[in-house]
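2 protein chains.
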Amino acid sequence: MKTEVLAFFDRVRPAVDDSLEGLLPSESTPPSQIHRAMRYSVFAGGKRLRPALCVAGFGIFHSDPAPILPVASAIEMVHTYSLIHDDLPAMDDDDLRRGKPSCHKQFGEATAILAGDALLTLAFETMSNCAGFNPAALLRASAELARSLGTRNGMIAGQVLDLEAEGQTLRQAQVEAIHAAKTGALLSTSVWLGAYLGGANESDARNILAYGRKIGLAFQIVDDVLDETEGRDRERRKATYPSVFGLDPSRRMVRQLTEEACQLVQPLGASSSTLIEIAAFLETRCL
Amino acid sequence: MKTEVLAFFDRVRPAVDDSLEGLLPSESTPPSQIHRAMRYSVFAGGKRLRPALCVAGFGIFHSDPAPILPVASAIEMVHTYSLIHDDLPAMDDDDLRRGKPSCHKQFGEATAILAGDALLTLAFETMSNCAGFNPAALLRASAELARSLGTRNGMIAGQVLDLEAEGQTLRQAQVEAIHAAKTGALLSTSVWLGAYLGGANESDARNILAYGRKIGLAFQIVDDVLDETEGRDRERRKATYPSVFGLDPSRRMVRQLTEEACQLVQPLGASSSTLIEIAAFLETRCL
Chain A
1 MKTEVLAFFD RVRPAVDDSL EGLLPSESTP PSQIHRAMRY SVFAGGKRLR PALCVAGFGI
61 FHSDPAPILP VASAIEMVHT YSLIHDDLPA MDDDDLRRGK PSCHKQFGEA TAILAGDALL
121 TLAFETMSNC AGFNPAALLR ASAELARSLG TRNGMIAGQV LDLEAEGQTL RQAQVEAIHA
181 AKTGALLSTS VWLGAYLGGA NESDARNILA YGRKIGLAFQ IVDDVLDETE GRDRERRKAT
241 YPSVFGLDPS RRMVRQLTEE ACQLVQPLGA SSSTLIEIAA FLETRCL
Chain B
1 MKTEVLAFFD RVRPAVDDSL EGLLPSESTP PSQIHRAMRY SVFAGGKRLR PALCVAGFGI
61 FHSDPAPILP VASAIEMVHT YSLIHDDLPA MDDDDLRRGK PSCHKQFGEA TAILAGDALL
121 TLAFETMSNC AGFNPAALLR ASAELARSLG TRNGMIAGQV LDLEAEGQTL RQAQVEAIHA
181 AKTGALLSTS VWLGAYLGGA NESDARNILA YGRKIGLAFQ IVDDVLDETE GRDRERRKAT
241 YPSVFGLDPS RRMVRQLTEE ACQLVQPLGA SSSTLIEIAA FLETRCL
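Line by line, the protein sequences give chains A and B. Quick note: the first sequence, position 134, residue 134 per my numbering, numbers continuous. Quick note: the second sequence, position 234, residue 234 per my numbering, numbers continuous.
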């Protein structure tokens, strides 16, 4: 099972990278500095988890992923924008990202702010230019992507709540709300976008979105557990599961969320196997 | 003529403000800090020139502006996002905006970055949720808005070029390219969006876009002239017309651009009178 999901990631990653390669202006396109910065961060070795979830959602209904690749690429662009802006000195002030200098360390703060802005902008241009989907469906997809990034339970809400939580003692509901907004909203919307544009009916799409929320939360708890057990840059994290609930209860939550997520998509039959394998794979990271 | 255009602005401004009022989350919506910051900058006393151009473009074809107001509001959101990010310490480092503390001075840098991000995001959500337009047309409108903000001759390109130009001696073509990208792209796209979604045929829409480019450039030269003659914060401006061409030649360029702009829309007949009045009004600012 782990081999299969790794093979799936190994197929999706180069396909998404090719698509991103075509969508991002080349480094020589003027003004070249901003395009260098955008490409530096987009091609910094990301795992492409969110695009893979989008492709897997689409894959329930279609064997050829080609039509959804621009959408998967737009998702990776907005994910990269969020990392660039999160790393800024005024935000989390991270000098390193995936072992390399963060965007503002490499290109300066002004360029990093603009590179994030540009990736967010290009993502919406890409969504609007997607060929092959019903225009009304594409508009709804674009609106949902924007919502998942916004201030009402979206990614920006999560970032604001996380910054506000610094130094405070939080209750479970608060930690969960921060995680759901900061990581869960885009993650669940990624798989939903693939399924919805693939033609899922409302009921299936709703279950797939719920699956995404469960694994999104599980993913974040796993990240917290890894921060704790591997001694990663913990001092900057503000609201973590292990610090509030302890390590073992956190691991149990991951197991339960993963089970619930799989149960939500099992009724879809064989075509949902990739989603189940991804959920199981994400769980094993912290076992 | 000046009275008429002032009356037009006086009608559009409250209509756009009402629309923005309904689109922006209230200050009490959590997380309230980010919504306070967004509203602080959006309702800081802007003249709503870009929304007015959008409404005027739509007004060539329809007497009721109601359907275009969400689009006009999205335009004002992206304009405000650009001001917030331009004012940041890493960019132009402006403490004041329209006589009040700039967003980062009032709310801190992290919130200002996120408020800009949130306004850009909400603008695209708003575009995608516009009711009453053909979905395919709305997708194209959204793509063109994104393009006008992007790195290929859009607003971000202009900002990058402007930052790079600091301390350099520029040729006319370079100054013009910076202005066309930094101010002209969104200004011309604003009037184009109104006309295109109003139902303009391709040829009329092209002329209206060209009109927008001319008055966009004229608008920027007027701004440069006012900076020079009124001794406004000139030291921060990098590439200005008067510094390259002198004051009187700059004024002559404004006059010529305005004439050319008016000639482009005159064939549209009586319905284009508002566009002609706006062009003439913008010109008078520097006479």
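No lab work stands behind these hints: they were computed from the structure. No experiment lies behind these values; they were computed from the predicted model shown. Think of the CB as a built atom: it goes at the ideal place given N, C-alpha and C, for glycine as much as any other residue. Heads up, a few of these hints could be off.
What the hints assert, rightly or not - Derived coverage of chain B by chain A (criterion: at least 3 residues anywhere in the stretch with Cβ under 8 Å from a Cβ of chain A; other residues may be distant):
1) 14 to 20
2) 28 to 35
3) 86 to 94
4) 195 to 206
5) 224 to 230
6) 266 to 274
Hints and how they fare:
1. 14 to 20: violated (count 0)
2. 28 to 35: Answer holds; 6 residues pass the 8 Å Cβ test.
3. 86 to 94: Since 3 is at least three, the answer is holds.
4. 195 to 206: Violated, because only 0 residues of the stretch 195 to 206 of chain B bring their Cβ atoms closer than 8 Å to Cβ atoms of chain A.
5. 224 to 230: Since three or more residues must qualify, the claim that chain A covers the stretch 224 to 230 of chain B is violated, with 0 doing so at under 8 Å.
6. 266 to 274: Coverage by chain A is violated here, the residue count being 0 at a Cβ distance below 8 Å.
Hint compliance for this structure: hints 1, 4, 5, 6 are broken, all remaining hints hold.
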